[in-house]
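There are 2 protein chains.
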Amino acid sequence: MSHNPILQNETAPQGASLAWAEVRRHLKLDEHGLIPAIAQQHDSGEVLMMAWMNLESLDETLRTGRVCYWSRSRQRLWRKGEESGQVQQLIEARLDCDGDTLLLLVDQTGPACHTGRRNCFYNAIHDDQVEVISAALIDPATLYRKS
Amino acid sequence: MSHNPILQNETAPQGASLAWAEVRRHLKLDEHGLIPAIAQQHDSGEVLMMAWMNLESLDETLRTGRVCYWSRSRQRLWRKGEESGQVQQLIEARLDCDGDTLLLLVDQTGPACHTGRRNCFYNAIHDDQVEVISAALIDPATLYRKS
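Protein chains in written order, with our numbering: chain A, 15 to 161; chain B, 15 to 161.
Just so you know, the hints here were simulated from the structure itself, not pulled from any lab data.
This structure is a prediction, so every number in the text was calculated from the model and none was measured.
A virtual CB, placed ideally from N, CA and C, is assigned to each residue, including glycine.
Among the hints, erroneous ones may be present.
Simulated restraints on C-beta separations [unchecked claim]: (1) Arg-39(B) - Gly-29(A): 43 to 51 Å; (2) Gln-143(A) - Ala-155(B): 41 to 49 Å; (3) Glu-36(A) - His-56(B): 35 to 43 Å.
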């Protein structure tokens, strides 16, 4: 923890800055080399999804402005929307206080969720039930059908 | 994956429901028995922080309505605000499509971040710099000083 330069910002005033290259070198990744990334629609504040990044996907996202994750199930780079067309344009990437989580402010084209819903958090725990609280905007069969 | 009942909701219409007890039994926890939990201020949409829960902390949170995490650094239950007084009241807990991430809609008292800032995501990556984009609301020395 003492080598994590992001911790210098804990007591820093608004407007202070550190070199990204230095922070990046000491980024707190998990044992698989990954960091969780929360995607939030930049204007509405809606939390769209959470996925994972490795350094390569983060670098590509910052370079291209189009969000790229690391797919744990497929063990490869996952350029969000590469199959569905539902891409995420990066507005701003933020790191939390201890540098182990990313918040991505994005502009999401269409639904973020593979089910066709706008966001992935549609299962609300209400007492002893888990209730579906939103409907698909698009039939997922259409999303993933190649033309 | 085939034993995860939450997947039944992928194609379910709005209003459909499953028994929480059944979903809970098959919750997709990581190798440490944990699930990431994003805390979002329920009315403003501000993403406050991300932390981790085990089943015990999730059960307590749902039972009491006061958010309790699992502290990975201290390896014990962490009742948010137990030292600082900056508690989180649960408004609604939601699970994502594959049941491996929680979104907690909360009502946060004061700052969520141990630095005294309202939220933990104050480090914005701007080109080659990481810039502090918000100021502390409260001096953290005051937050954690016992009276």
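Exercise for review: List, from low to high, the hint numbers that the structure doesn't satisfy.
Suggested key: Going through the list in order, the structure violates no hint and respects every one.
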